[in-house]
Amino acid sequence: MKPPENYGPELAALTDRLTKSVGQLAQMGLADIGACDHETVLTGEGFRLLRYGSGAERADQCAVLIVYALVNRPWVLDLEPGRSTISRLLGSGMDVFLIEWEDPQDEDQDRGFSDYACRMLDECVDKVSALRGESTVNLLGVCQGGTFSLCYTALYGHKVRNLVTMVTPVDFHTADNVLSKWVRKVDLDRLVGCYGNVPGALLNALFLSLQPFRLGSKKYLDLVDLANDPEGLRTFARMEHWIADSPDQAGRAFREFVGALFQRNALIAGELVLDGKVVDLGDVRCPVLNVYALADHLVPASASRALADHVASTDYSELSFDGGHIGIYVSRDAQEKVPPAVAAWLQQRP
Amino acid sequence: MTPNASADWASAILGLHQLLSDHLEKSQPDARAVRLPEPMDWLQTMARAAAPGLAPAMTSPLGLEGLAADSGRDGLWESAAQRYRSAAFALQAAWLEIGSHTFDALRQALELKSAPQDLRGIYDLWVACGEKSFARQGATERYADLVAELINAQVSLLLASGIGSAPPPPDPAELKDELARAHAREARLRADLEALRQADTGKAASTKGRAATKNAQPAKAAKKKKSTKKAKAKAVPSAPGTAKTSSAGAASKRKKTGRKQSAAAKTRRRSKP
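Chains as they are written, first to last, in the numbering used here: chain L, 1 to 350; chain X, 1001 to 1273.
It is possible that some hints are incorrect.
Stated by the list, open to error - Rough simulated footprint, nothing fancy, chain L against chain X, three-plus residues with beta-carbon under 8 angstroms: (1) 1115-1122; (2) 1130-1142; (3) 1150-1156; (4) 1184-1195.
What the hints assert, rightly or not - Partial pick of chain L residues on the chain X-facing surface, computed with a CB cut under 10 angstroms: (5) Leu14; (6) Val41; (7) Leu42; (8) Phe47; (9) Arg48; (10) Asp106; (11) Glu107; (12) Ala175; (13) Val183; (14) Leu202; (15) Leu206; (16) Leu221; (17) Asp222; (18) Gly276; (19) Asp280.
Claimed, not checked - So these bits of chain X aren't anywhere near chain L, every CB distance computed over 10 angstroms: (20) Asp1074; (21) Ser1079; (22) Ala1090; (23) Ser1100; (24) Thr1102; (25) Ser1165; (26) Gln1198.
Hints listed in this document are in silico derivations from the structure and should not be mistaken for laboratory results.
Heads up, the beta-carbon is just placed ideally off N, CA and C, and yes, glycines get one too.
When you get a sec, could you build the whole thing from the sequences and use the hints?
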């Protein structure tokens, strides 16, 4: 091995390439995001319901309503051509709907967990049902949106035909859930009292600090590989934009969600109450496809796989992906495997 | 590798890390596409401390200078500031420990024949060692306590500084939810008690050796029976927002049998019983 002082030329080359990459990135400006056409089919208090694609043939296709998390934005599901879960679902013959949560304003601090998981979700379910002329819908819940979808299905199962959960936390107290351990002793009442709506940047920094070396350092040094690769730089810029674009969280919903699930694990304990009713996962009887990522550092696979032990569905399937929490939406490998598998699973259950 | 040489490697890696930081720092005003997190609070300090024990933020926790200079505050504020300082330094100490373990691991890894020969490879190895060290430390109760305490201390300081307001009293809806939760808990405990009673009855009728095995089984059976009953009696639920508070029987845990191993990117279906 060479002594460190002999690495001068390599350091100079790295510096040169890093300078190029960062310079090109700066010139590029903010890259466009989104690959698929869509229209707003419903605007409600706190949300918009989007429908993707176009054409009369949608009516004959299998429909799915995507329920995204409150954390970050759903457009990671439609990042760019070639990295779009939504595009892949459309390409697999699906009629795709998505709920876009609105950023809470100061006056929305009192918006609660039930408002999202029951009221707003129910309005969207009804709208999709009406547009499709069907009495039930297929739900695809992503991350926290998966938890919402599970709760909704447990409470209003007669409106749900099939349920797909993707990287969804169910058991929040599995041994490898670091995030859950960190927030278990946080005084949520005072935190929300202090901030009102909880700043997205605060949560974002917490998520990044789960892998500080990799997310705070390595990925930026890896920019040296993207010098003179405009497409790669654009993807990098879009991902950075998405990661940093974290909406604030409605104070009450944050307190209720984190308190009930991260701190008390109430869904597993059978003590979660929404809309005045106890959420019993044993009331989930429709077919369930549980999709999880094996290297997920935010929602460990163990947290998702716990679902198998709690739902009453006789038609329960799992789809594991060898990647991380974000990779499952955007990696090339995931694009090839996950959306087509989800579409096929839903289409087999009309 | 001699200790001195490893110290040189540490310097080389730090040099590269510093170079990276400088580039990102300089690029920020123009590179609007890259929206790095903003240095706004303690969590940002953690995010910036990509190299725990090494980043500039380590030597001076964000905002502490301002706190130290701020005088003329009341006792409540002083106490909150002191709590925050203690919490920040305790977490810093943990980061220093992680940083130290990281370099120990790196030194050992560099002694292997398979160790990378180029600077980039060594930097990547340092990152890998750092993540391993951080994962070990970050998952401990001690570290979780440090993080929670820092958040709580910061909130206390902000509140003492007049930012935000003390938590509002619980509203009636929350109390209603709490009541429903209590009912659910009570129902579950009653069911467990009943199951235990049944098990106890069974125990008396069986041999001593078999009693222990039987003890658990009636409890499960009782639970399952309860769930089935509940399912049969269940009416179509009301629409969200219109339901009245109701207590519900528990029995949310149902064990599934035949859980199979999942294969990557292959769906698997549970066979119908």
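Tell me, in ascending order, the numbers of any earlier hints that this structure violates. Going through the list in order, the structure violates hints 6, 7, 8, 9, 10, 11, 24 and 25 and respects the others.
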